[in-house]
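K.L.:
These protein sequence lines map, in sequence, to chains P and Z. Just so we're aligned, residue 1 is where the first sequence starts under the numbering used here, counting upward by one. Just so we're aligned, residue 1 is where the second sequence starts under the numbering used here, counting upward by one.
Rather than coming from a laboratory, the hints here were simulated on the basis of the structure. Since this is a predicted model, take the numbers as computed values, not measurements. Any given hint could turn out to be false.
Said to hold, decoys possible - Sample of chain P residues facing chain Z (criterion: CB under 7 Å; computed from the structure):
hint : residue
1    : Leu162
2    : Glu163
3    : Ala165
4    : Val169
5    : Glu248
Said to hold, decoys possible - Quick list of in silico lysine-lysine cross-link-like pairs, BS3-like style, CA-CA up to 25 Å:
hint : chain 1 : residue 1 : chain 2 : residue 2
6    : P       : Lys234    : Z       : Lys53
7    : P       : Lys170    : Z       : Lys97
8    : Z       : Lys143    : P       : Lys18
9    : Z       : Lys280    : P       : Lys230
10   : Z       : Lys280    : P       : Lys249
11   : Z       : Lys143    : P       : Lys33
12   : P       : Lys234    : Z       : Lys280
13   : Z       : Lys226    : P       : Lys252
14   : Z       : Lys259    : P       : Lys234
Where is the CB? At the ideal position from N, CA and C, for every residue including glycine.
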Amino acid sequence: MKRIIVCLKQALDVSQLKVDPATRQLITVSAPKKISDFDKNALEEALRVREKIGEAEVYTITVSSEDAKATLREALAIGADKAYLVNDRSFQDIDTIGTAYILAEATKKIGEFDLVLCGEASLDSFSGLVGPRLAELLNLPLITSVRKLTVEGDTVVAERTLEDAYETVKAKMPALITVTREINQPRIPSLMMIMKASKKEIVTWTAADLNIQQEKIGAKIEVVEVLAPKTERKKIRITGENSAEIAEKLAKALIQEGVVGR
Amino acid sequence: MSEYKGVWVFSEKYDLTLEMLGKGREIADKLQTELASVFAGYDVQEKASELIKYGADKVYLIDNPALEHFQAEAYLSILHNLTANYKPDILLIGSTKNGKSLAARLATRLEKGCIPDCARLSIDKNRRLIGERITYGGNAVAKVTFRSKPQIATIPARAFEKLEPQDRSGEVIKLDVKIEEPKTEVVETKPLETSSVNIEEAEVIISCGRGLEKKEDKALLEELAKILNGQVGNSRPLAEDRKWFTEWVGLSGHKVKPKLYIACGISGVIQHVAGIRDSKMIVAINTDPEAPIFEVADYGVVGDLYEILPALTEALRKHLQ
Chain P
1 MKRIIVCLKQ ALDVSQLKVD PATRQLITVS APKKISDFDK NALEEALRVR
51 EKIGEAEVYT ITVSSEDAKA TLREALAIGA DKAYLVNDRS FQDIDTIGTA
101 YILAEATKKI GEFDLVLCGE ASLDSFSGLV GPRLAELLNL PLITSVRKLT
151 VEGDTVVAER TLEDAYETVK AKMPALITVT REINQPRIPS LMMIMKASKK
201 EIVTWTAADL NIQQEKIGAK IEVVEVLAPK TERKKIRITG ENSAEIAEKL
251 AKALIQEGVV GR
Chain Z
1 MSEYKGVWVF SEKYDLTLEM LGKGREIADK LQTELASVFA GYDVQEKASE
51 LIKYGADKVY LIDNPALEHF QAEAYLSILH NLTANYKPDI LLIGSTKNGK
101 SLAARLATRL EKGCIPDCAR LSIDKNRRLI GERITYGGNA VAKVTFRSKP
151 QIATIPARAF EKLEPQDRSG EVIKLDVKIE EPKTEVVETK PLETSSVNIE
201 EAEVIISCGR GLEKKEDKAL LEELAKILNG QVGNSRPLAE DRKWFTEWVG
251 LSGHKVKPKL YIACGISGVI QHVAGIRDSK MIVAINTDPE APIFEVADYG
301 VVGDLYEILP ALTEALRKHL Q
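So that you can see chain P by itself, here it is in the shape it has in the complex (with noise of 0.2 Å):
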């Protein structure tokens, strides 16, 4: 039976991130956490795979504090058959060299899989890394920002969203893909998957259990500041008694302003 193992984060939800706007500091607290939507693509794209070849098994891992057990359980109800936590104190501090390496010690541990499913970038961060770095620390083919995929065999079969052209990979398997969110509609768990997911099993391994080398996961990077950016917009509203006297308005503004004509 195949195995498809699909990389999950419990990122923040950025569409209800507040600013504080004497500071400009984000506040990140009080902000809710969900799967990143682009690794619930990437879950979705596993559970096509699998209905379409008939039978495989489908894991998902994280990488996250003892809070992502929601996450996880939200994965189990849209329909992944294990879920696992890496969690350890020791993880405080890490980038994505750290959880490339982190998720490569649990995706060996696990053992036999043939296909590594990553979401292109995370909603929060949006860096894009941890996918490529699992690729290359598995030494797997790596197929990124994937629009199509079909498995036929032990080959897979992948459409690129590039910046210029549509490009079809192949590669045997196993490979790592990551996968853009014009991919799929990712489903939403019924009441009874959600009831059937509470049976199944979340395992919980620590730093210990993969036998992580410390000096591997050290953050090579830093964040120095995270503010919001400056708005130095002029906010002119143009109003008129009707559209084209707006209209008029507008286009005197934007030929003064030296944007239109020549």
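Chain Z: place on chain P using the hints.
P.N.:
The following block gives chain Z in isolation, referenced to the frame of chain P:
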């Protein structure tokens, strides 16, 4: 870590290489070090020497038939070999999708940090590279620096300007590097339609969002675009939810910086705003006076795009004739 010296740039895209050389020159001068470009391809000797005119002191050229098209493992083995041997202080890699995963894989092989999508770069008082990138879905800009060298950052297209070509002296060094076998095979490449490719370079963009009732109504925007010599775009919901289009403007789509961006019926969620932030001027047309797009617009009109747009087209046609 003082053995790490020099600023390097690499991209599989020529224009992006030139742009990074422009910024790289400035950084190298500040650090009083040399600027080098890694250049890989097939039959590219001439193009390689042109890089010197655009600011490079050295060009490490790998000319090999296997490099005619981008091939991840081939490029990865070249960059790995060269960076491990020559130990550059800074390595800028063009932030295309291929470039980004290349940078991530290289950083992993070298066990180093990587900062993706830096739209701005600076050098701090400890001579470390600081990259600025949009994060938290456009809610914030993060300044990030490195604890390891080489400092690997990826640079989006059009973040920096290329220099005017000049006659400068420099050196093209031909190298022979063992190239790794590919792990994937490209079966087919379908170029995107030109209109969508051009939007990132457009000087004027007229863009629509959920306020557009029918796909066909984009013609209203096209009318105006024709007069302003601009391009037409749309926000993500019209592509992802309504499936009317395949591309969109926004953080996860095309990031644009035109002289003029006219947002019609776009509410202005933070991800969209992050994609248009660098526009010189933003105009918003929306029926909802509370729409967040007005907070980031220079000129705002509370009104229906179906009335305002044709009137604006008419007014501009009259004035610009």
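K.L.:
Against this structure, judge whether each hint is valid.
P.N.:
Status of the hints after comparison with the structure:
no. : hint                 : in the structure
1   : Leu162               : holds, 5 Å
2   : Glu163               : holds, 6 Å
3   : Ala165               : holds, 5 Å
4   : Val169               : holds, 5 Å
5   : Glu248               : holds, 5 Å
6   : P:Lys234 to Z:Lys53  : violated, 40 Å
7   : P:Lys170 to Z:Lys97  : holds, 17 Å
8   : Z:Lys143 to P:Lys18  : holds, 19 Å
9   : Z:Lys280 to P:Lys230 : holds, 14 Å
10  : Z:Lys280 to P:Lys249 : holds, 19 Å
11  : Z:Lys143 to P:Lys33  : holds, 23 Å
12  : P:Lys234 to Z:Lys280 : holds, 11 Å
13  : Z:Lys226 to P:Lys252 : holds, 18 Å
14  : Z:Lys259 to P:Lys234 : holds, 15 Å
Of the hints listed earlier, the one the structure fails to meet is number 6.
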